[in-house]
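*Asks:* Taken in order, these protein sequences are the chains called U and X.
Note that my numbering gives residue 6 to position 6 of the first sequence, counting from 1, and the numbers run on in steps of one.
Note that my numbering gives residue 25 to position 25 of the second sequence, counting from 1, and the numbers run on in steps of one.
It should be emphasised that the hints constitute simulated quantities derived from the structure, not laboratory data.
The beta-carbon is built from N, C-alpha and C at its ideal position, and this holds for glycine as well.
Honestly, I wouldn't trust all of these hints.
[Stated by the list, open to error] Okay, the calculated beta carbon distance ranges per label pair: (1) X:Thr15 with U:Gly43: 40 to 48 Å; (2) X:Asp26 with U:Glu17: 15 to 23 Å; (3) X:Thr86 with U:Pro9: 16 to 24 Å; (4) U:Thr7 with X:Asp38: 41 to 49 Å; (5) U:Glu56 with X:Pro108: 46 to 54 Å; (6) U:Ser80 with X:Thr15: 31 to 39 Å.
[What the hints assert, rightly or not] Covered stretches of chain X (chain U as the covering partner; in silico rule of three or more C-beta atoms under 8 Å from a C-beta of chain U): (7) 18-26; (8) 61-73; (9) 77-84.
[What the hints assert, rightly or not] With a cut-off of at most 27 Å between alpha-carbon atoms, the simulated DSS-like pairs for lysine-lysine come out as follows: (10) U:Lys73 with X:Lys14; (11) U:Lys73 with U:Lys116; (12) U:Lys112 with U:Lys70; (13) U:Lys3 with U:Lys109; (14) U:Lys3 with U:Lys116; (15) X:Lys14 with U:Lys112.
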Amino acid sequence: AQKITQTQPGMFVQEKEAVTLDCTYDTSDQSYGLFWYKQPSSGEMIFLIYQGSYDEQNATEGRYSLNFQKARKSANLVISASQLGDSAMYFCAMRDPYGGSQGNLIFGKGTKLSVKP
Amino acid sequence: NAGVTQTPKFQVLKTGQSMTLQCAQDMNHEYMSWYRQDPGMGLRLIHYSVGAGITDQGEVPNGYNVSRSTTEDFPLRLLSAAPSQTSVYFCASSYGLGTPSYEQYFGPGTRLTVT
């Protein structure tokens, strides 16, 4: 069964420094998609970045990049130059290839990031 | 576009009461789903729909019903509320089924408390 593991319940980072949030996944499928979402204290879910299993290059979106290591089944989120507004919960998710015509997402338990001034 | 809208934002129910959480999207998305978020548990899928008239169960469907009569709307019904259903509920939608990189758009959430 597909599974997402986020081993860091909480992390601290100094403002302007880079931080890596860990995500490992378990799947036997060759085709899959990985997502990162941000959830600030206001509660909404904000899409950050996507990586496809066949993408040869790591995905990047502004200050966010995804360190995709397929052999190790890891999809870590790297936030460069942290800002106070980055303080939030971060969720890693994987598309379920067998669920809902590949619409369903399987989420990890999240990492709470706190940025210190 | 309003995106994905959910009503109400907050709700308090007594055990045994029933209610419907509303979800609507104006993006003509085929796929819609309901998740619940509990502390320390991440988001878990309750029910989903791949188009009007088609619904299916997710990971935690017990105690909930759904129907999809239109592309736009996907209500979630709590049949007889229990304290274990105290949670934050998110509706989500996406398009391009079969397209690898489509993202799910989430509504703002409904915070439900059952006493």
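*Asks:* Now look at each hint and say whether the structure bears it out.
*Replies:* Hint by hint, here is what the structure shows:
Checked against the given bound of 40 to 48 Å, the beta carbons of Thr15 of chain X and Gly43 of chain U, roughly 25 Å apart, lie outside it. Remark: the range hint 15 to 23 Å for Asp26 of chain X to Glu17 of chain U is contradicted by a beta-carbon distance near 40 Å. Separated by about 22 Å at the C-beta atoms, Thr86 of chain X and Pro9 of chain U satisfy the suggested range of 16 to 24 Å. The hint said 41 to 49 Å for the Cβ distance between Thr7 of chain U and Asp38 of chain X, and at roughly 19 Å that hint is violated.
Separated by about 36 Å at the C-beta atoms, Glu56 of chain U and Pro108 of chain X break the suggested range of 46 to 54 Å. Taken as a hint, the range 31 to 39 Å is violated for the pair Ser80 of chain U and Thr15 of chain X, whose Cβ atoms sit roughly 48 Å apart. Counting residues of the stretch 18-26 of chain X whose CB lies closer than 8 Å to any CB of chain U gives 0, so the stated coverage by that chain is violated, three being the minimum. Check on the stretch 61-73 of chain X: 0 of its residues sit with their Cβ under 8 Å from a Cβ of chain U, so the three-residue criterion for coverage is violated.
As drawn, the stretch 77-84 of chain X meets chain U at 0 residues by the rule of a beta-carbon pair under 8 Å; below three, the given contact is violated. Under the criterion of a C-alpha separation no larger than 27 Å, the hint pairing Lys73 of chain U with Lys14 of chain X is inconsistent with the structure, at around 44 Å. Taken as a hint, the Lys73 of chain U and Lys116 of chain U pair is broken in the structure, with Cα atoms around 30 Å apart against an allowance of 27 Å. For a cut-off of 27 Å, the pair hint linking Lys112 of chain U to Lys70 of chain U stands: about 25 Å separates their Cα positions.
Restraint check: the Cα-Cα separation between Lys3 of chain U and Lys109 of chain U comes to about 11 Å, which is no more than 27 Å; the hinted pair holds. Taking the CA atoms of Lys3 of chain U and Lys116 of chain U, the gap is about 31 Å. The hint is violated against a cut of 27 Å. At most 27 Å may separate the alpha-carbon atoms for a hinted pair to count; Lys14 of chain X and Lys112 of chain U exceed this at roughly 32 Å.
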